[in-house]
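K.L.:
Chains as they are written, first to last, in my numbering: chain A, 192 to 476; chain B, 192 to 476; chain C, 192 to 476.
Misleading hints may appear alongside valid ones.
[As the list claims (entries may be wrong)] Here are the simulated lysine-lysine pairs, DSBU-like style, with alpha carbons at most 35 Å apart:
id	chain 1	residue 1	chain 2	residue 2
1	B	472	C	213
2	A	443	B	472
3	B	472	C	215
What the hints contain is simulated information worked out from the structure, not anything from laboratory work.
If you're wondering where the values come from, they're calculated on a predicted model, not measured in any experiment.
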Amino acid sequence: MSNHPSEKEKEGMLAACLLNVKAKCPLVHNITNYVTVNDVANVLLACGGSPIMSDEPEDVSDITSICGGLNINIGTLNKRSIEAMFVAGKRARELGHVTLLDPVGAGASKLRTETAIRIVEELHPDVIRGNISEIKTLANGCGTTQGVDADAADTVTDENLDAMVSLAKELASRFSCVIAITGAIDLVADAGHCFVIRNGRPEMSRITGTGCQLSGLATAYCVANPDNKLVAAASAVCLMGLAGEIGFANMKEGDGNSTYRNRIIDAIYNMTAEQLEAGAKYEIR
Amino acid sequence: MSNHPSEKEKEGMLAACLLNVKAKCPLVHNITNYVTVNDVANVLLACGGSPIMSDEPEDVSDITSICGGLNINIGTLNKRSIEAMFVAGKRARELGHVTLLDPVGAGASKLRTETAIRIVEELHPDVIRGNISEIKTLANGCGTTQGVDADAADTVTDENLDAMVSLAKELASRFSCVIAITGAIDLVADAGHCFVIRNGRPEMSRITGTGCQLSGLATAYCVANPDNKLVAAASAVCLMGLAGEIGFANMKEGDGNSTYRNRIIDAIYNMTAEQLEAGAKYEIR
Amino acid sequence: MSNHPSEKEKEGMLAACLLNVKAKCPLVHNITNYVTVNDVANVLLACGGSPIMSDEPEDVSDITSICGGLNINIGTLNKRSIEAMFVAGKRARELGHVTLLDPVGAGASKLRTETAIRIVEELHPDVIRGNISEIKTLANGCGTTQGVDADAADTVTDENLDAMVSLAKELASRFSCVIAITGAIDLVADAGHCFVIRNGRPEMSRITGTGCQLSGLATAYCVANPDNKLVAAASAVCLMGLAGEIGFANMKEGDGNSTYRNRIIDAIYNMTAEQLEAGAKYEIR
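Based on the provided sequences and hints, a complete structural model is requested.
P.N.:
Here it is in structure tokens:
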């Protein structure tokens, strides 16, 4: 995809990614936080993949070897799990497996910032998915992330979109990976192209772990679509956002964020290739 | 509130607490068990707060510094997380942040009893919330808690209510904190006053983690209402109990404890200040 | 049950097991993975039992002492939790408590295989419940488990049923325990008899943790029915499968695996002795 794909070329791209996941049932090794791990497992099963979790340094090399990809999420990192991330990440790299980094809370603590940067430098993840504050922390080597949510000052908006698209491409080039910055507007970029995605609902931020779930999905999508990780990651972002829209449309009086969480995973479980193609709202810059 | 508040003074107290949480979006650092952590995160988001979890000693000082309060729950304590509790608790104290202790299983093991007592003595939590068996263990320095539920012999009833109210006030005075003893009848006391709260449903005990969720809520309520932690904690207790009633009223044929869990969190998500004021059932002694 | 029970003897067996659980409220100590731990806790509450989780070596001896049984699940094992498994397992054995092993991922890594085998050899669990790949790994001392799901080549089918029943009985004899091999057809065997159970739905494999939940249930059922662990474990397997059928029958348009998870636990919460007797589909070989 050396130039912007034509409308004809775009047709069916996302559908193909989804169908590959369902056909190949990618096995994903997750070293992830204990807050949202159950939802990550269920969303991987929902999309057609298969999850396995392991964060003991002595266990992860064997486990990652039988998987197709590795999803590293630093949401509740500790010394043992950090060691496991590097053992698994090096093994995944030796085997040519897809690795994704979700730098949860990078910028909010020294340990998180340093660990995320070390992972980028030493493990060379294929995809980095975070909110804008986390991604800027990786870009700058430091940050001011407030908790696990993006700073308001950092939001991607229509006003700063050109600059943000350039930033995403620049970082993708610098880190030789796909960069996914998610928020009200999602950006998924490699050095040459950036998907600007407008799926999703603001209410998704009132559920814990929609970002973690997306990182799991993006890993599975890249494992099943290894020849085009940009489109694979963008498909996963569209899928998550569209599921948020469908899940919200199914909400009834009295439903809140707990039921919404279930409905989003349910929507991913039921998503067809046609639905994804028809519902995805994106442009490529 | 040096004397019993008049009906006029009481009016709107709980509503004000709820509105402050929604306005201030308190960020709560949770060092909590991995059993119910996802529900704690979702209930904090539901009430209008924001959760962050971290239990690595090297990480917690930074994390607690950016938060407004610290929720310490010993439900699945281990040596690393115990160390993290003290590092975070000392930092929270330095910064004047609200700290809540949920002494899960105090009395059921030596490690839990000793850890809970050390936390009370060294970290001086602003609020302690537990069942009667756990609270009595803190009072007596030892206990006979059977598992994570209160001993039947220990229940707060109308028959022993006067004695229990006195115990709650005495402990609140001794530990210089707010004491919340939850069960069929809930007591929330400082040295001078005790809220006797009769919201809730017995079926809530068939869901794992309603106590843990309440501790998260109470922390957020105290962060957003720092000038009256007694009323803030009592508001959170009323909120949880009322959500249990609303959630139960929304149950349909075939629903069980898993759906009930979702409906309770949903009810907290949708709770208005007016609903809370109208539905709270309490007296102050 | 030295011979095949007659139809008359079988009548009410499962119902009696269920009623004993509800009457005795067995307290189960779980050392289990952090992926599905919340569902394990809720399913134990749903069936009428009570869960407690602890995996700190210094805590587990006290905790297991106040429980009736121990459920060991190696799904996210680490060095600390492995140590805790042995401390708790030895204490449970001293006290004559029921111990169940769920060898999640045995065969998928050296650490999992070796840990599972050491648990069998040193702790002599009363029940081992796993998929066929995991159980074969225990039988052979090594394995080729792909992730946490059974290998397709290993499935129990009508074609290989006789051989599989023999294998289950042989292993039960060799390990002096009840062996539960779960999959499309479930086998629950001691040395002399094997329940062949045909409850359940294929869609249950699209939910994370139905196996972990079943292990929790089987532990509770054995604690409450200590004189016949074979029937107790078989009752739990029928209960889980039947709940899967009832939960599936309650699915509505748009529901997926997340809602299905809730409906299964709900069905266990509402299951009556009569429903279980009427819905269980098994023969004894």
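K.L.:
Look at each hint and say if it fits the structure.
P.N.:
Hints, verified against the model:
With a C-alpha separation of about 32 Å, the suggested pair residue 472(B) and residue 213(C) falls inside the 35 Å cut-off, and the hint holds. This hinted pair checks out: residue 443(A) and residue 472(B) have alpha carbons roughly 28 Å apart, not beyond 35 Å. Taking the CA atoms of residue 472(B) and residue 215(C), the gap is about 33 Å. The hint holds against a cut of 35 Å.
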